[in-house]
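Residues per chain are reported as follows:
Number of protein chains: 2
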Amino acid sequence: MQQQISVITLGVEDLARSRRFYERGFEWTSIFENEEIIFFQMNGFVLGLWLKTSLEADAGTRPATGGGAFTMAHNVPERSDVQRVMGRLSRAGGTITRAPDQPPQGGFRGYVADPDGHSWEIAWNPAWPIDENGHVTFGL
Amino acid sequence: MQQQISVITLGVEDLARSRRFYERGFEWTSIFENEEIIFFQMNGFVLGLWLKTSLEADAGTRPATGGGAFTMAHNVPERSDVQRVMGRLSRAGGTITRAPDQPPQGGFRGYVADPDGHSWEIAWNPAWPIDENGHVTFGL
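Keeping their order, the protein sequence lines are chains A and B.
Every letter in the first sequence is one number past the one before it in our numbering, and letter 70, counting from 1, is 70.
Every letter in the second sequence is one number past the one before it in our numbering, and letter 31, counting from 1, is 31.
Certain hints may be false.
One copy or any two copies: either way a pair holds, since identical chains are not told apart in the list.
[As the list claims (entries may be wrong)] SDA-like, lysine to any residue: derived pairs with alpha carbons at most 25 Å apart:
| hint | residue 1 | residue 2 |
| --- | --- | --- |
| 1 | Lys52 | Ser80 |
| 2 | Lys52 | Gln3 |
| 3 | Lys52 | Glu78 |
| 4 | Lys52 | Ser30 |
| 5 | Lys52 | Thr97 |
| 6 | Lys52 | Thr137 |
| 7 | Lys52 | Thr95 |
| 8 | Lys52 | Ile96 |
| 9 | Lys52 | Phe138 |
| 10 | Lys52 | Asp131 |
| 11 | Lys52 | Asp81 |
| 12 | Lys52 | Arg84 |
| 13 | Lys52 | Gly117 |
Simulated from the structure, these hints should not be mistaken for laboratory data.
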């Protein structure tokens, strides 16, 4: 399995406040923005700032990390890989916090917490290409 | 400034338990391991599993994310960049949680929390090369 993290999603309270921090503080430029999420194309993966309420609703639970809501995503090449990888992670000591299903934006995904409660989304997202080096590119 | 995250470090309670999850669950191979940390070379950055107590000691505080200790790192090309970037992040709404100093392994780093308490380490680490695309490679 590729050693790649596709997306890091930080749950935020206030998009404007976060945009100021990331765009003025880090001087980064977003690649996409709507009323609930901002994406940045990073070095081989995508960083998302998503309203915490939406992230929590998507994860089907308050993320186990508590105060600072946060999840990593590992994207897989095929829809059928989602269930298979989640099963393997579960057998390896993870806890399935959301069984896989289709989110509103399409694709297929579920959530697994690692032994310390760090949240991983396992996702099939055909719109976001992954190259042979595991570098993930934002797509629509 | 490069749109890059150099390292994602997850605080863990039990390295053996975490190794099982990441090596058997994700089928990833580590690139370095000692008695307190395991590194994986990822797609353009490095993933670290570090004993939570060590991560908290390094960050000089309990990470603001609570239960699941976690920090991201943004590495900069020059030692003098650390203070400059931290100042800019502070002016952009961040909170400096550890003023920059030299960690035991060398280099120079400080910590800033974003407006939601997500922890960022701003680090100068000359041993870990960053290419022109912002892809970061583990080094010793």
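Hints, one by one, checked against the model:
In this assembly of identical chains, the alpha carbons of Lys52 and Ser80 never lie at most 25 Å apart, being 28 Å within a copy and 34 Å across copies at closest. Taking the closest pair of Cα atoms, Lys52 and Gln3 come within 25 Å of each other only across two copies (23 Å); inside a single copy the shortest separation is 27 Å, beyond that limit. In this homomeric assembly, Lys52 and Glu78 never come within 25 Å of each other (Cα to Cα): the closest approach is 28 Å inside a single copy and 34 Å across copies. When the C-alpha separation of Lys52 and Ser30 is checked against a cutoff of 25 Å, the pair qualifies only within one copy, where the shortest distance is 18 Å, while the shortest distance between copies is 32 Å.
Taking the closest pair of Cα atoms, Lys52 and Thr97 come within 25 Å of each other both inside a single copy (17 Å) and across two copies (22 Å). Only within a single protomer do Lys52 and Thr137 lie at most 25 Å apart by alpha-carbon distance; the minimum there is 23 Å, versus 31 Å between protomers. Taking CA atoms no more than 25 Å apart as the test, Lys52 paired with Thr95 passes in both settings, with 21 Å inside one copy and 20 Å between copies. When the C-alpha separation of Lys52 and Ile96 is checked against a cutoff of 25 Å, the pair qualifies both within a copy, at 20 Å, and between copies, at 22 Å.
Taking CA atoms no more than 25 Å apart as the test, Lys52 paired with Phe138 passes inside one copy only; the shortest distance there is 21 Å, against 32 Å between copies. With identical chains, the CA atoms of Lys52 and Asp131 are never at most 25 Å apart, being 30 Å at best within one copy and 33 Å at best between copies. For the homomeric pair Lys52 and Asp81, neither the shortest alpha-carbon distance inside one copy (27 Å) nor that between copies (31 Å) is at most 25 Å. Taking the shortest alpha-carbon separations for Lys52 and Arg84, neither the intra-copy value of 28 Å nor the inter-copy value of 30 Å comes in at or below 25 Å.
Taking CA atoms no more than 25 Å apart as the test, Lys52 paired with Gly117 passes in both settings, with 17 Å inside one copy and 12 Å between copies.
Violated hints for the displayed structure, listed by number in ascending order: 1, 3, 10, 11, 12.
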